[in-house]
Amino acid sequence: MKVRFWGVRGSIPSPGPHTMRYGGNTTCIEVRGDDGTLVILDAGTGIFPLAQHLLKQLPVTANIFITHTHWDHIQGLPFFTPIYIPGNTLRIHGPFDLVAQRGPEQVMDVQMQYSFFPIREAELKAAMDYVTLTVGEPVVVGSLTVTPLMLNHPVTNFGYRVDGDGASVFFTGDHEPWTNIYAPDDAEYADYQQIVDQQQAALDARLRGVDLLIADSSYTQAEYRAGKVGWGHGTMEGHVAWARRLGVKRMACTHHEPTRSDDELEKIFAAALASSGYVPGGPGEPEILLSREGLELVL
Amino acid sequence: MTTLTPELERKLGVAVERMPAFPRSVQKILELTRNINCLPKDLVGVIEKDPVMTMKILKVINSAYYGLPQKITSVGQSVVYLGINTIKNLALGFAAVGILPRMNAAGFDIQRYLLHSLVVGGTARQLATQFAKGEVDSGDAYIAGLLHDFGKVVFAQFLAAEFRNALAYSVEHGVPLHEGEKFAIGVDHGPVGAMLAKRWAFPEHLIDCIRDHHNPAAEPSAMMDCLRVADQVVRYREVGDSGNPWRDTEALAAPERFGDDIVELMAKLGSFDKIVEDATMFAQVGHEK
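Chains A and B, in that order, are what the protein sequence lines are. Under the working numbering, think of the first position of the first sequence as 1, with each following residue one higher. Under the working numbering, think of the first position of the second sequence as 1, with each following residue one higher.
The hints are simulated quantities; they were obtained by calculation from the structure and are not laboratory data. Watch out, some of these pointers could steer you wrong.
To give an idea of the chain A side of the interface with chain B (calculated C-beta under 7 Å), a few residues [what the hints assert, rightly or not]:
id : residue
1  : 96
2  : 98
3  : 136
4  : 141
5  : 149
6  : 154
7  : 181
8  : 182
9  : 189
10 : 196
11 : 199
12 : 200
13 : 224
Ideal Cβ positions, reconstructed from N, Cα and C, are used throughout, including at glycine.
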């Protein structure tokens with residue numbers, strides 16, 4: 001199994017001289033099975049360079065798994081060129097949106113409206129298929145099995161575990177570890193904490209020992225505490241601890257904050273590792289790295 | 001006389017989906033959500049005091065999409081599972097449906113009904129903690145209390161003429177309201193509430209409790225004991241109105257657990273006045289004796 005990052009930026013594309021090394025495109029991750037099965041995790045602007053690459057391999061069957069419907073995870077879809085070419089197949093998987101009462105078909109319908117885009121969904125030439133997923137129910141595509149798990153973000157967000165060819169990867173999408181909404185002296189605190197702990201334990205049980213954990217590490221712990229609680233994103237320090245607890249082999253930090261320059265990103269990453277007492281190559285330590293556009297990991 | 005035909009069952013089920021929430025919670029939700037930084041616990045505090053909003057949230061979370069290993073019975077659990085922003089937007093959607101009118105064609109005062117439900121919920125939770133620890137989850141006891149009479153508000157809303165007759169019959173004949181319902185509607189609010197709870201994929205023990213709280217032949221359970229006695233205590237103290245006044249001839253429902261003297265039991269329930277005070281403040285009706 002191979003994993004390649006095409007977009008690693010959070011929130012909004014951030015091109016420019018300060019993001020040259022890590023890249024400015026929003027989230028898109030390609031996962032390839034050994035038999036060539038193509039799974040694409042999220043369709044941020046990073047899916048556009050991926051589309052250019054795929055044009056050399058037509059026809060394609062692309063199994064797209066959307067973690068959630070916020071713009072930075074879907075905005076590349078209308079520019080995923082294979083949708084305009086007959087013979088290609090696109091299967092877009094995602095959660096049911098409780099508030100909109102719609103499944104993943106809304107990511108195309110909503111973006112491809114007259115006022116926002118010149119082409120309508122009905123005019124696409126590829127075979128389009130939309131699959132609403134159920135939490136915990138695996139979907140088999142070629143040599144890969146994708147299992148959606150419920151994570152925590154201000155809209156329904158599935159993390160995806162991909163298994164196949166003897167390897168495993170989990171991508172959080174956007175995720176803030178569950179926290180207690182009550183203060184320690186509130187009567188409801190203890191009961192709520194128990195639910196939070198159960199939820200975390202249930203997730204951990206599904207992820208123990210994965211080969212690669214790709215985690216939304218938008219903030220530093222200090223930034224998080226200084227006003228980002230409830231925004232739906234995780235921290236570098238928090239995920240270092242998580243990766244260790246899960247016993248994963250590798251952890252890639254992603255969803256880089258859009259105002260962060262490459263230099264700053266490397267600086268806060270080094271500081272987070274140092275403050276966690278991380279010893280690269282130490283016994284039992286996972287390998288921890290920053291995701292960047294073009295990075296390919298072989299699992 | 002109407003019976004609960006499959007057709008009526010379907011009609012009620014569909015109608016309840018579009019049922020508006022209680023005036024006070026709609027107002028509070030709109031107030032709270034005007035502030036982008038409103039506290040999640042404040043939102044939960046409002047939602048879990050509204051039987052309609054609570055029912056709708058639990059229905060959504062227990063639906064098949066989320067493949068939960070066990071049914072969820074509290075708004076708090078729903079917030080952990082779905083995230084506060086989703087719960088907030090669902091609540092705003094429920095608020096946008098409109099508000100239940102305080103008085104309906106049945107002449108049933110829903111504000112006093114809400115007060116009754118809130119205090120029965122709070123009391124059932126307290127009884128579970130004090131008298132049935134380890135046997136029944138106190139959160140489940142709260143939900144059972146909050147929703148046990150949901151069938152009545154459904155009758156008042158969607159079978160108003162029949163429910164009016166039921167209320168009149170129980171007053172004229174000096175019998176409990178569920179007897180009047182059986183006479184005028186053909187079925188009492190217990191089975192109707194349970195039928196709806198089943199449609200909403202609620203957990204079995206909660207469905208049983210709602211269905212059988214007026215059925216003396218039903219299999220007893222700790223949760224049922226707490227619910228029945230909470231209901232009696234609240235009617236005895238005349239807090240709110242369920243359309244079913246306390247009768248001096250009533251015996252306490254589960255004497256082996258709570259004793260047979262309601263006055264003594266009340267004395268042991270130290271927090272009752274606080275439960276009434278909180279509920280009254282929320283339901284915004286004047287203090288009652």
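Okay, the hints, checked on the actual structure:
Because the beta carbon of residue 96 of chain A sits about 5 Å from the nearest beta carbon in chain B, less than 7 Å, this interface hint is met. The beta carbon of residue 98 of chain A comes within 6 Å of a beta carbon in chain B, closer than 7 Å, and the hint placing it at the interface holds. Proximity of residue 136 of chain A to chain B holds as hinted, the smallest CB-CB distance being about 5 Å (cut-off 7 Å). For residue 141 of chain A, the interface hint is violated, the least distance from its beta-carbon to any beta-carbon of chain B being 19 Å, above 7 Å.
Here the hint on residue 149 of chain A is broken, as its CB sits about 10 Å from the closest CB of chain B, past 7 Å. Checking residue 154 of chain A against chain B: minimum C-beta separation of about 3 Å stays under 7 Å; hint holds. At about 4 Å, the closest approach between the beta carbon of residue 181 of chain A and any beta carbon in chain B falls short of 7 Å, and the interface hint on this residue holds. A cut of 7 Å between beta carbons decides the hint on residue 182 of chain A: the least distance to chain B is about 5 Å, and the hint holds.
Checking residue 189 of chain A against chain B: minimum C-beta separation of about 10 Å lies over 7 Å; hint violated. Residue-level restraint check for residue 196 of chain A holds (minimum Cβ-Cβ distance to chain B is 6 Å; threshold 7 Å). Interface hint at residue 199 of chain A: satisfied, since its Cβ lies 5 Å from the closest Cβ of chain B, which is below the 7 Å cut-off. With 7 Å as the threshold, the beta carbon of residue 200 of chain A stays out of range of chain B, its nearest partner Cβ sitting at about 10 Å, so the hint is violated.
With 7 Å as the threshold, the beta carbon of residue 224 of chain A stays out of range of chain B, its nearest partner Cβ sitting at about 16 Å, so the hint is violated.
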